[in-house]
Amino acid sequence: MQYKIMLVEHNRLLLEQLSKVIESAQDMELAARYQNSNDALGQGRVFNPNIILLDADVDNATELLQEFIASFPQAAIICTGEKWQADRTSHFIQSGASGYLIKP
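Numbering (this note's numbering), first residue to last: 564 to 667.
The set of hints was computed from the structure by calculation and includes no laboratory data.
Nothing here was measured: the structure is a model prediction, and the numbers come from that model.
Treat the hints loosely; a few may be bogus.
[What the hints assert, rightly or not] Simulated restraints on C-beta separations:
no.	residue 1	residue 2	range
1	Ala-649	Val-609	33 to 43 Å
2	Trp-647	Val-609	14 to 24 Å
3	Asn-611	Ala-649	25 to 35 Å
4	Gln-648	Val-609	30 to 40 Å
5	Ile-665	Met-591	23 to 33 Å
Quick reminder that beta carbons are idealized off the backbone N, C-alpha and C, glycines included.
Using the sequences provided together with the hints, build the complete structure.
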């Protein structure tokens with residue numbers, strides 16, 4: 564199975580690093596990448612991603628998660644964060660995220 568991944572990362576350096584990791588992984592295609600969440604919401608549907616890696620290190624992360632769930636009901640949305648916080652991770656999972664990954 565080929566995974567089509569849309570990456571949404573507000574930090575430009577991390578966006579570049581994570582893009583390279585995805586591009587080098589077997590069975591993964593970087594379908595689209597965005598530094599701006601609104602651009603991803605507005606333009607991302609044309610790429611039909613089945614996995615979305617969503618930056619959760621922003622003030623409105625929960626609201627963004629809800630918007631992405633509504634806009635991409637077929638995709639698994641995995642929140643990404645710079646550090647592990649059990650209560651925060653649990654919050655995102657309860658809010659509908661498929662998972663939570665720590666950024667490198």
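Hint by hint, here is what the structure shows:
Separation of Ala-649 from Val-609 is about 36 Å and conforms to the stated range, judged on CB atoms against 33 to 43 Å. Taken as a hint, the range 14 to 24 Å is violated for the pair Trp-647 and Val-609, whose Cβ atoms sit roughly 34 Å apart. For the hinted restraint 25 to 35 Å between Asn-611 and Ala-649, the CB-CB distance of approximately 33 Å keeps it satisfied. Checking the proposed 30 to 40 Å range against Gln-648 and Val-609 shows it holds: the Cβ atoms sit about 34 Å from each other.
Between Ile-665 and Met-591 the C-beta distance comes to about 18 Å, which lies outside the given range of 23 to 33 Å.
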